[in-house]
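Going down the list, the protein sequences come from chains R and X.
Just so it is clear: in the first sequence, position 101 is 101 by UniProt numbering, and no numbers are missing.
Just so it is clear: in the second sequence, position 15 is 15 by UniProt numbering, and no numbers are missing.
Possibly wrong hints are sitting among the right ones.
Unchecked claim - Computed cross-link-like contacts, DSSO-like style, restricted to lysine-lysine with a CA-CA straight-line distance of at most 30 Å: (1) K341/X x K40/R; (2) K57/X x K224/X; (3) K331/X x K71/R; (4) K204/X x K71/R; (5) K331/X x K72/R; (6) K315/X x K13/R; (7) K161/X x K13/R; (8) K341/X x K72/R; (9) K309/X x K71/R; (10) K328/X x K40/R; (11) K72/R x K16/X; (12) K72/R x K161/X; (13) K161/X x K71/R; (14) K312/X x K71/R; (15) K72/R x K312/X.
The set of hints was computed from the structure by calculation and includes no laboratory data.
Listed here are the chains, written in short residue letters.
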Amino acid sequence: MSDSKDIELGNSKQEFTITVYTENQIGILNRIAIIFSRRKINIESLNVSPSEIEHIHRFNILITETEDVVKKLARQIEKQVEVLKVYANTNDDIIWQELALYKVPTEIVAEKVFVERLLRENGARVVVIRKNYTIFETTGHRSETDKLIEVLQPYGLIEFVRSARVAIIKDSEGFNSKLREFERLEPGQEVIENEFLDKEKNVFTM
Amino acid sequence: METVQEEAATLAQPKKTTTVTGSVALLEGLIAEGTETIFGYPGGAIMPIYDAIYDYKDKLNHILVRHEQCAAHAAQGFARTSGKVGVVFATSGPGATNLITGLADAQIDSTPLVCITGQVFATLLGTDAFQETDVINISAPVTKWNYQVTDASEIPAALAKAFYIARSGRPGPVLIDITKNAQMQLFEYEGYTPCNHIRSYRPKPIVRNEYIEQAAALINSAKKPFILFGQGVLLGSAEQEFKAFVEKSGIPAAWTILGAGAIPTDHPLNVGMLGMHGNYGPNVQTNSCDVMIAIGMRFDDRVTGRLDKYAKQAKVVHLDIDPAEIDKNVKADVPVWGDCKETLPLLTALITERTHEAWLAEFKAFEKIEQEELIQKELDPQTGELTMGEVINQLNFLTKGEAVIVSDVGQHQMVACRYGKLNTTRLSVTSGGLGTMGFGLPAAIGAKFGAPNRTVIAVIGDGGFQMTLQELGTIMQFGVDVKILILNNQFLGMVRQWQQLFNEKRYSFVDITSPDFVKLADSYSIAGKRVTEREDLIPGLEEMLSNPGSFLLEVMVAKEHNVFPMVPQGSSVSEIRLK
């Protein structure tokens, strides 16, 4: 699951991305959120949006914790009636991105050629240009979106917003086939995985 | 699976419907689920349901409690003795918030409840309307599931889900909040269809044979195996399967307070109670066993004491229906996920029939020490002040282990659990995980409805009794035959014990005065008696038990008596103190 021995022992904190598939039900966000707040664990970023499957939502929750704690949290989340499946992954196991928007005065961008160069270097795209302001967009890891803040700050950055992390699990085979299993009265064993049997896998599940 | 033709036929013939209100659909659903008794309290936002139940008095027995918290506890008592789902009605706002303690208790002790709360009109949600409270969010952490109904047509399916979730898997409390408009609204009712599947919910994990085999191998090779069992055995109705497993394996078995009675107190392999005030042997031997088999128990901190010194030498086999319990507190070497009613017979089939005489003799030796140094003095002091232990002991002689013992929380609870004789399952009702003072009296009311043919004795302290004594009114009004046994030490005894042992006797607000309990009972037309002398104890208990109907017996016990053995907080179980 990870390179460091400490992390294998489960007692060293690192970033975990928890992916949760849930029914689209009012209240489930609160039920999941209080599992963290009850234990005084801060959610660093949270994305909830419809998944590729109708009526099913996908959460991406980013926390910094030990593997032991994350496993327990994952099981508590999966225990919720309206939760279908929980995965917890280290950064090695996932591909992730964050989206950021930057609002800067148009006059500065228009006047200062090197701003344009900086933006290009940082992979920013223009979303809108108005008389008073221009909005740029970048996607990337936290450090990348942070860097562009620093770059734009001297040039009158008016407003900045960043999305939560969204992540794809490298080893995932998708959720469609699993869902069909859940819909059966007696789901097969392949979907009710057991983490104790699947230790060698990068994805641990309930 | 329906064939296409059948499906088409069903579609062609529209289902017969009747036009009913949401309230009627609710009551019809409750009846379809086998509900007979409801514990509740009316109020503005649940009035349409109460109007409907007026016409259902012959089918549904509604017990009007005196406080909504007690409706929840009564439903818990009912669920514990009957094995069925307890049903509660309460109104919005304060009615709903008053349920929270009961829900929290039921959640931590895995008790199946379906609570129906009234809610303000859907159009008023979020306006701070009269008696509006956000009960869905307030109750989220203390319910297994909850749901707000705003349209009558949702009621049958929501109720079916509620019952299914409450009783399946690891049971727990469920709350359905129904807005007043939905209760009144007329809709086309198609009848009630019970729920047996929710795609996002798996009540039990699939049993994996590899773990059964690994567990059996460990058990077969063990020299000092030790069984710890909890309420899971009762909740899974696996008492017979458990007994077969214990007897074939010949392994000594100790219980958590919620597991009490899964095998009879007198069973030769029942070695006693675990935990802070459990028996000497089971606590000490926890740190000597080589294989620990935990069945339907969750390693609560009151059972384990200091975790880093808990059974470190042992291989742990953990049988549990709830995957979240595996490795939560104690790391399992072999996790046997599943319903113990299924896993235990599989395990029993693979184990060799053995006796562990030398190992059992060690338990006997510890038991002898505990008997001589402690239990004898506690149960038969002969002189001096009355002890709680001797009251329970005399009660055992009279009930012969056939009565339901409901206890409240505190010293008397530990004594009742330690010494109460239980011949069979579902005879002990207590607030284990939450430790809710005031639980005893209302739970006893419910316990009586759950086990109408048994004597139900509520053993309560003078402190806890004063938390919910208004339920004497319920007992009076509905003629509930509950025997109330108050063990009065004129203190909040457990806190006083801790203050004596750990706070240099700085008795801070533990000195509690009581009203005249017998007079109080009398004002509710409940017969009563007060016992202060030893020679009056047995006649008093006899009078209580033989009295037709409820009775309150107050026994004045030693003021500053401590419950031992005790594993002090922060100590290892093997550091258990006998004095």
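Consistency of the hints with the structure:
With a CA separation close to 37 Å, the supplied pair K341/X and K40/R exceeds the 30 Å bound. This hinted pair does not check out: K57/X and K224/X have alpha carbons roughly 57 Å apart, beyond 30 Å. Among the hinted pairs, K331/X with K71/R is consistent with the structure: their alpha-carbon atoms are about 12 Å apart, no more than 30 Å. For a cut-off of 30 Å, the pair hint linking K204/X to K71/R stands: about 19 Å separates their Cα positions.
As the CA atoms of K331/X and K72/R are separated by approximately 12 Å, the hinted pair is consistent with the 30 Å bound. With a C-alpha separation of about 28 Å, the suggested pairing of K315/X with K13/R holds against the 30 Å cut-off. For the hint pairing K161/X with K13/R, the CA-to-CA distance comes to about 39 Å; that exceeds 30 Å, so the pair is violated. A hinted pair counts as satisfied when its Cα atoms are at most 30 Å apart, and K341/X with K72/R qualifies at roughly 25 Å.
With a C-alpha separation of about 23 Å, the suggested pairing of K309/X with K71/R holds against the 30 Å cut-off. A threshold of 30 Å between alpha carbons decides the hint, and for K328/X with K40/R the separation of about 17 Å falls inside it, so the pair holds. Straight-line distance between C-alpha atoms of K72/R and K16/X comes to about 48 Å, which puts the hinted pair past the 30 Å bound. For the given pair, K72/R sits about 26 Å from K161/X by alpha-carbon distance, which is consistent with the 30 Å threshold.
For the given pair, K161/X sits about 28 Å from K71/R by alpha-carbon distance, which is consistent with the 30 Å threshold. Distance check on the hinted pair: K312/X and K71/R sit about 21 Å apart at the alpha-carbon level, within 30 Å; holds. Note on K72/R and K312/X: the hinted pairing holds, with a Cα-Cα distance of about 21 Å set against a maximum of 30 Å.
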